[in-house]
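Participant: These protein sequences, in sequence, are chains A and B.
Using my numbering, read the first sequence as starting at 71 and increasing by one per residue.
Using my numbering, read the second sequence as starting at 71 and increasing by one per residue.
Some clues are possibly wrong.
Chain copies aren't distinguished; within one or between two, either way the pair holds.
Subject to a maximum C-alpha distance of 30 angstroms in a straight line, what follows is the list of computed DSS-like cross-link-like pairs (lysine-lysine) [stated by the list, open to error]:
#1 K153 with K258
#2 K229 with K258
#3 K319 with K162
#4 K153 with K207
Calculated directly from the structure, the hints in this document are not laboratory data.
Take a look at the letters that make up each chain.
Protein chains: 2
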Amino acid sequence: MNYTRRIKKIQAKLRRKKIDAFLISQPENRRYLSGYTGDDYGISESSGYLIIPARGKILLLTDFRYKAQAKQDVPWATIKIYKQGSLRLLCKLLPDLNVKNLAFESHYTLFSTAQNLKTELGKKGIQITPLEGMVEKMRRIKTEEEIDLIRTSVRLNEKVFGEIFKNLPEFETEIDISLAIESLMRRKGAEGTSFDSIVASGTNSSLPHAVPTQSPIQKNKSLTIDMGLVLSGYCSDMTRNFVPGEPDKRYLKLHRLVRKAQLAGMAAIRAGVRCCDVDRAARKIIADAGYGKRFGHSLGHGVGLAVHEPPSLSARSTKKLRVGMIVTVEPGIYIPGWGGIRLENMVVVREDGCENLNKDTTWLDI
Amino acid sequence: MNYTRRIKKIQAKLRRKKIDAFLISQPENRRYLSGYTGDDYGISESSGYLIIPARGKILLLTDFRYKAQAKQDVPWATIKIYKQGSLRLLCKLLPDLNVKNLAFESHYTLFSTAQNLKTELGKKGIQITPLEGMVEKMRRIKTEEEIDLIRTSVRLNEKVFGEIFKNLPEFETEIDISLAIESLMRRKGAEGTSFDSIVASGTNSSLPHAVPTQSPIQKNKSLTIDMGLVLSGYCSDMTRNFVPGEPDKRYLKLHRLVRKAQLAGMAAIRAGVRCCDVDRAARKIIADAGYGKRFGHSLGHGVGLAVHEPPSLSARSTKKLRVGMIVTVEPGIYIPGWGGIRLENMVVVREDGCENLNKDTTWLDI
Chain A
71 MNYTRRIKKI QAKLRRKKID AFLISQPENR RYLSGYTGDD YGISESSGYL IIPARGKILL
131 LTDFRYKAQA KQDVPWATIK IYKQGSLRLL CKLLPDLNVK NLAFESHYTL FSTAQNLKTE
191 LGKKGIQITP LEGMVEKMRR IKTEEEIDLI RTSVRLNEKV FGEIFKNLPE FETEIDISLA
251 IESLMRRKGA EGTSFDSIVA SGTNSSLPHA VPTQSPIQKN KSLTIDMGLV LSGYCSDMTR
311 NFVPGEPDKR YLKLHRLVRK AQLAGMAAIR AGVRCCDVDR AARKIIADAG YGKRFGHSLG
371 HGVGLAVHEP PSLSARSTKK LRVGMIVTVE PGIYIPGWGG IRLENMVVVR EDGCENLNKD
431 TTWLDI
Chain B
71 MNYTRRIKKI QAKLRRKKID AFLISQPENR RYLSGYTGDD YGISESSGYL IIPARGKILL
131 LTDFRYKAQA KQDVPWATIK IYKQGSLRLL CKLLPDLNVK NLAFESHYTL FSTAQNLKTE
191 LGKKGIQITP LEGMVEKMRR IKTEEEIDLI RTSVRLNEKV FGEIFKNLPE FETEIDISLA
251 IESLMRRKGA EGTSFDSIVA SGTNSSLPHA VPTQSPIQKN KSLTIDMGLV LSGYCSDMTR
311 NFVPGEPDKR YLKLHRLVRK AQLAGMAAIR AGVRCCDVDR AARKIIADAG YGKRFGHSLG
371 HGVGLAVHEP PSLSARSTKK LRVGMIVTVE PGIYIPGWGG IRLENMVVVR EDGCENLNKD
431 TTWLDI
């Protein structure tokens with residue numbers, strides 16, 4: 071991955087903004103700019119920070135536990151280890167680097183952390199400047215190299231789904247399936263799941279974010295499987311919906327409606343189109359059939375190093391799609407007491423349309 | 071769980087501070103005060119917020135996806151659903167509740183979110199006040215009811231470990247073991263793992279936070295298994311270290327040293343003792359034997375609804391232990407190129423000593 075190119079681009083932006091250095095705390099941004107694979111335990115337990123100076127070599131700050139990993143992942147950066155917290159090390163390092171104005175990621179820095187930075191760095195004559203979304207903005211547009219990595223992630227995810235689907239009768243409960251998914255992903259070389267798999271049978275499937283339970287898989291009811299994995303840092307995300315036994319008329323009708331909405335959404339995607347217009351194209355199909363209120367979420371979201379990232383295919387976003395963006399297209403209908411149906415593919419935005427990254431067609435067109 | 075008592079305590083504190091309402095964003099605090107089990111996807115994708123007014127009924131704000139879960143978990147709260155983000159709903163609700171001064175959790179609110187709150191609520195004449203750690207402070211001291219829940223979590227964790235240990239020859243790689251652990255946990259009724267299990271064989275065990283790999287389990291080398299689960303919201307956390315085959319002299323010597331340090335740490339624990347003194351009691355054993363630099367982390371941490379929470383048994387903490395706190399005691403020695411050994415139990419701080427929550431004694435005293 072061309073980290074140098076990415077860093078040079080950020081550095082040029084920093085110089086234009088008269089910022090001396092940029093503290094990167096957001097984990098996917100950190101990985102995007104350096105390749106560092108350290109895992110955080112949430113925002114309060116970081117595995118490290120990057121300092122991108124406006125000119126010159128970047129620094130990676132971490133603690134003793136991640137030292138070996140940092141050196142292995144980012145041998146070309148200056149690695150600094152903090153023993154008594156990152157703030158104390160920053161107070162020591164930044165004056166040596168002649169930093170007078172430090173930018174920080176205001177959308178991934180806790181309010182109390184920012185206050186401490188302001189107070190302690192202020193004592194050293196260093197000013198802090200909130201910066202929001204600079205790296206995320208770059209990350210929205212994927213290079214062909216990144217698209218290939220995401221394609222490989224999607225392919226492996228489909229392979230795992232395929233094996234699960236083939237062996238469906240072996241599983242008794244939702245949890246059985248979700249464990250088998252996660253286990254297969256790891257055995258096939260995934261770094262992990264990109265989110266906790268959703269396996270929802272019958273009425274459980276009416277919750278878009280259902281958590282797998284010990285409930286048995288109901289043979290003649292809707293079964294939603296929403297799953298994704300991480301490979302080389304890049305996420306996949308796919309939902310398939312089917313009935314393990316015999317679907318009834320209602321299922322068939324709603325499934326076909328959701329699929330029609332998905333195809334309409336995909337057909338609306340090309341460079342230059344507003345996100346809200348893509349959402350509307352799919353939503354109209356569902357609304358016209360009288361189920362508008364049963365489709366309560368947005369049509370899709372960006373996917374890359376994070377499983378949820380910009381852009382959002384939401385009714386409220388007037389932003390325009392650009393070549394190289396990757397988004398999910400996932401309409402759904404959820405009926406309390408009955409169940410839900412969601413179908414999700416990932417597509418790349420191209421000049422004149424979209425490229426569907428999913429090859430799996432299980433139960434899409436029934 | 072007595073949520074009413076907890077909320078009344080917070081409300082009394084708010085009234086003393088002249089705060090009209092407190093916005094709770096930290097997930098474990100949210101669960102502690104309401105029992106709401108919604109899962110967040112990191113700080114940027116919350117499954118909801120509590121509003122604790124200084125007087126009266128609490129509110130739970132969430133979105134469409136979590137509506138059913140919110141109603142099921144917290145039927146006694148007022149549930150409000152936001153469609154266009156939590157901020158817009160807050161702007162609408164707070165004036166109706168006559169809130170002039172809203173406190174927010176500054177240690178679990180993003181800087182940019184706090185800025186938006188300040189701007190938008192400011193327009194309604196509402197002032198915001200950062201509050202740090204009020205609920206965490208309450209959470210440090212566990213009631214006997216909570217201790218029982220944690221004991222049950224520890225017991226189930228040990229049961230899972232016991233089955234893994236018994237079937238050790240079945241597993242080929244670190245990942246095989248970690249998958250089996252997670253699968254057993256879920257099958258036995260755990261809500262999930264409290265952290266990604268660490269299974270580290272041979273030289274991998276020299277990384278305190280090793281990620282399981284496809285490396286085969288080495289028969290005559292150190293094997294570290296650090297695992298924990300969540301049951302009824304409460305976490306367990308335990309590390310056992312052993313050699314699947316025959317330990318050599320060096321392993322035996324270092325293992326006994328770590329165990330001696332652990333026992334010294336446990337012996338130092340009782341109400342009124344400073345955290346740093348407990349850390350020192352254990353560290354001294356390791357340092358006196360010449361391995362001080364090989365024990366790079368703190369002796370332990372609090373465990374409860376979160377797997378890492380206050381207090382910290384750290385060399386820098388002069389805070390005093392109090393009856394009802396639960397902490398881990400987990401010294402370790404890590405030698406690059408050779409391997410590492412860590413032993414971890416969980417104990418309850420009592421008036422005159424500590425109560426060891428772990429009954430498992432596998433390979434502790436060899």
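Participant: Hints broken by the structure, by number, lowest first?
Facilitator: The structure conflicts with hints 1, 3, although it agrees with all the remaining ones.
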